[in-house]
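Colleague: With the hints as constraints, model all of the structure from the sequences given.
Keeping their order, the protein sequence lines are chains D and H.
The opening residue of the first sequence carries number 1 in our numbering; numbering runs sequentially from there.
The opening residue of the second sequence carries number 612 in our numbering; numbering runs sequentially from there.
Check each hint, because a few of them may be wrong.
Cross-link-like lysine-lysine pairs, in silico, BS3-like; alpha carbons within 30 Å at most [as the list claims (entries may be wrong)]:
(1) K510/D <-> K51/D
(2) K152/D <-> K225/D
(3) K792/H <-> K254/D
(4) K439/D <-> K530/D
(5) K776/H <-> K256/D
(6) K207/D <-> K690/H
Just a few of them, taken from the derived set where beta-carbon distance is under 8 Å, the chain D residues facing chain H [as the list claims (entries may be wrong)]:
(7) N251
(8) L253
(9) A292
(10) S296
(11) T547
(12) S548
(13) N595
Everything labelled a hint here was simulated from the structure, so no lab data went into it.
Every residue gets a Cβ at the ideal spot worked out from N, C-alpha and C, and that includes glycine.
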Amino acid sequence: MKLVVCLLFCSMCFSHASFSQSDTINVLGEVMLYNKQLKDSVYTTNVLVLKDSVLRLSQPSLTNLLNFNSTVYFKENGLGMVSSPSFRGTTASQTAVLWNGININSQTTGQTDFNTINTRGFNTIEVTPGGGSVATGSGAIGGSINLVNTLKYDTGFANQLFVNYGAFNTYGIDNQTQYATEKASFSLGLSRNESENDYPYPNTDRKNENGQYNNTNVSLASGFKLNKTNTINVFANIYKGRRNFSLPTPNALKTKYTDFNTRSLISWKSTFSKVVSNLKMAVTTEEYQYFANIDSDYFTFGNVQNFIAHYNLDYSVSSKVLLTAGAQYTHNDGRGSDISSATRNLGAATLSMKHKVSSTFLYEIGLRQETNEAFGNPLLYSAGLRYTFSPFYQFKLNTSKNFRIPTYNDLYWTGLGNPNLKPETSYQGEMSHVFSYKKATLLVTGYYNKVSDLLRYVPGTDGIFRPENTNNVVIYGLESVFGYEKKIANHTVTVNATYAYTVSENTEIKKQLIYVPYHKFTMALGYRFKNINAYYQYINNGEVFTTSDNSTQDILDSYMVANLGAEYNFGKANTYKIGAQILNLWNEDYESVLNRPLPGRNLNVYLNITI
Amino acid sequence: MKKIQLNKTILLSIICLAILSCTSDDRDDPVQEVPITGDYTQGLFVLNEGGYGSSNASVSFLDNEGQLYQSIFAGVNDKNLGDTAQSMGFNEDYGYIVVNNSSTVEVVDRNTFTSIATVTSQIVNPRYIAFSDSNGFITNWGDPNDPNDDYVAVLNLETNLVESKIIVSEGPEKMVVHNGKLFVAQKGGYGYGNTITVIDLETQLVVSNIEVSDVPTGMVISDNSLYVLCAGKAPYTGEETQGALYKINANTYTTEASLSFPEGVHPSFLELDNNTLYFTQEGSVYAMTTANFQLPTTPIFEPALDGLEILYGFTVAEGLIYLADAKDYASNGETFIYNLNGALQQQFTVAIIPNSFYFNN
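Modeller: Okay, structure coming up:
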């Protein structure tokens, strides 16, 4: 059935020759070649850009946003609980999460819990499938997610207040204040979310017990144009979250977990006629505490501080050739109840060239030499080309070598860590076809990715799990992103959809990795008429295996979930929006992790005031 | 004209797509030929603990005709067994399944597997169950991070309610009952224990703590001797200690003999059949007679040669050796049955992480 849907979808898109970009989700196809200088960004892969208007309509967790709007697959231990991604069929730690370009994956676990990222703190989120290690270092094997604070100038004062309240005593307050002159821009965001989260498990007499959570996020973004050549930007983000972990079975011991993460970044950019110099320095801290018994004061913890410095120098040889040289340095300092105090230093040098051969043909090459004490000195690369056949069709090809280094836990866990681990290595290639016509775009990408030395926890003969470099995984698949907008008089209709077909196979046993669906489909339909905005979000996640032998009695069934929402704007000069959402409209009884039910149909209302 | 039609087709397709509830239900029912009444009077139970946190523990049953049934608890009772089933015990007409991470003990009719009761009160991180005439005794780790709240819960077998707690030192595991006394091996929970606690069944008081080596993992009684196998602390603890086998007088609580395993060797399990002790060491099976209290140097067989990956459960009964293979802990495990000479008799697939065997007859 899934395949039929996919084929129908694809054929339908191909047969129609008339689309372009909708205003909410952009497929950065870079369809037109600008006559401007080349920028320090990647031209031969694809980026899905989720803007503010999409972020507002989603629930505040990054899990929810990406689940409904991208090809990334999520497993969530119940609503708001630990959530981990699988991007292009990879493991949870093979997705790099970046904050304004700085990698913020946990140094202890190697991954980001997507329910500890509050999307209200950012106004743009970029989703980049595929390898990105040359640009971002360790971790970007399946893809990367960049949380971005964009700065606007000369906009004066603006304040936006967003308040929502929903089922299970869930509320959120978010206030964004901005002030920008010609030379300076400043914005401050405060967000608080809280929920009793005691939803009934559909078709049972149980409810979600001990699932309460709350989190607070403060985000700051500011920019100062010192003069014509120099700009200083300062960003900061503080996240504090507390969750009780919902009980897997009713009589289990209650637990709780707290997160406290801080991030600060200063960047200095100087732009000359042929040279752009960009220096970034960041300090990030991460801290967790886990209480195995909520009634006890005893907890285990991990605490890592990171210092990161990036320097990039762009040199425009001509308007057609851009050379970039860069250096990166990362210092980690970690300790915890199960890891002895340890520091490590990582350095890297990068060199890249982009060459626009003609108005239709461009190629780029990037190299990254890593250097560090523990993992040798891998040389990473990426290379790609782009050819624009016509305004209607563009072709891209990209190949890259990427890696992920072991985490603090993998290396230093007392007694269990394995100091002899090698980094995971990934060789991949992808081919993209971008079709554009008027207000519609369709992107179809096929990819192949071979990951070797996969890091897994493997039981020894004593039954104790230790990290080891194990098998190889071969991943291949197809991704498709579609955007369409149509205006007729005062009516605007938007359609955004994604589809992913993913085969991710352990080459030793020839089985699909657990919790990687073959199919995932998402769709967002929007309709605007004067002051009314209505939308329908839909995901369909294919079945997944929960055992490595792919036994059929342990399959987690596929599910479809849809949300329906509408909002009305009372405002004239300012906007006063009132909106309501029905989440899980069709009251689907579903789980994304075995025996961890998610909520049935529920209601959420919100108010959004912009002055 | 053609284009308008095409547009309509597309719009229609989109609408259909978005509303279609084309989800699959490909999950096979477990091999489920459970007779409606459920008849488990004659055969072998295999307990599958399931993945930690996955709430998919189950019981497999092999009847004496060789017919295998999976997931019999859920099949009979229309509910899941729970999260991480540690062990089972049988008394009179009832079976008791100790479900560790659910902090429950499921009481079932041992012949039909119909649920009788779920013991929840005063059960926290339960491990094993043993029985005297009127009571069940359940070892509990309590809060795993608190070394001072471990206890033996005393279960009233009439009401299926816990009536009292006997506080013991950290990590109480297996128990044996002998001559009015309950012997509790303190294997250690998150820490490491090195004692056998002796509890008087009548007064429910601790009467003795017998010191042994680190991590007493197996314990059997034969005549008036208590045999205790200690694994020793593993190398990853940073303070590795040697494994040992003890012979203790079960009436005076004095150690009569002890044997040390070579350094770096950490044996597990201890089973008794026909005056012979059986244990495992680095995945192989060893045997020694109680009469000749000497550690054997060669195994009777190496199940790895037959494809067993992770030896996770071990029982010897009536001339047969039962081994559970947990494989990678993330796929269906297997049961291997050998005769006492180490010849493989039978091999069959069970469910996630099989850990122990029990017999109904």
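Colleague: Now tell me, hint by hint, if it's right for this structure.
Modeller: Against the structure, the hints:
Between K510/D and K51/D the CA atoms are separated by roughly 40 Å; this puts the pair beyond 30 Å, and the hint is violated. For a cut-off of 30 Å, the pair hint linking K152/D to K225/D stands: about 12 Å separates their Cα positions. At roughly 34 Å between alpha-carbon atoms, K792/H and K254/D are farther apart than 30 Å, so this suggested pair is violated. Note on K439/D and K530/D: the hinted pairing holds, with a Cα-Cα distance of about 20 Å set against a maximum of 30 Å.
Of the pairs offered as hints, the one joining K776/H and K256/D holds, with about 27 Å between alpha carbons and a cut-off of 30 Å not exceeded. Our distance criterion of 30 Å between C-alpha atoms is met by K207/D and K690/H, whose separation comes to about 15 Å. Residue-level restraint check for N251/D holds (minimum Cβ-Cβ distance to chain H is 4 Å; threshold 8 Å). At about 6 Å, the closest approach between the beta carbon of L253/D and any beta carbon in chain H falls short of 8 Å, and the interface hint on this residue holds.
Among the interface hints, the one on A292/D holds; its C-beta lies about 5 Å from the nearest C-beta in chain H, closer than the 8 Å criterion. Restraint check, S296/D versus chain H: the minimum CB separation of about 5 Å is within 8 Å; hint holds. For T547/D, the shortest C-beta to C-beta distance to chain H is roughly 5 Å, which falls under 8 Å, so the interface hint holds. A least Cβ separation of about 4 Å between S548/D and chain H falls short of the 8 Å threshold, and the interface hint therefore holds.
A cut of 8 Å between beta carbons decides the hint on N595/D: the least distance to chain H is about 4 Å, and the hint holds.
Going down the numbered hints, you'll see the structure goes against 1, 3, while the others check out.
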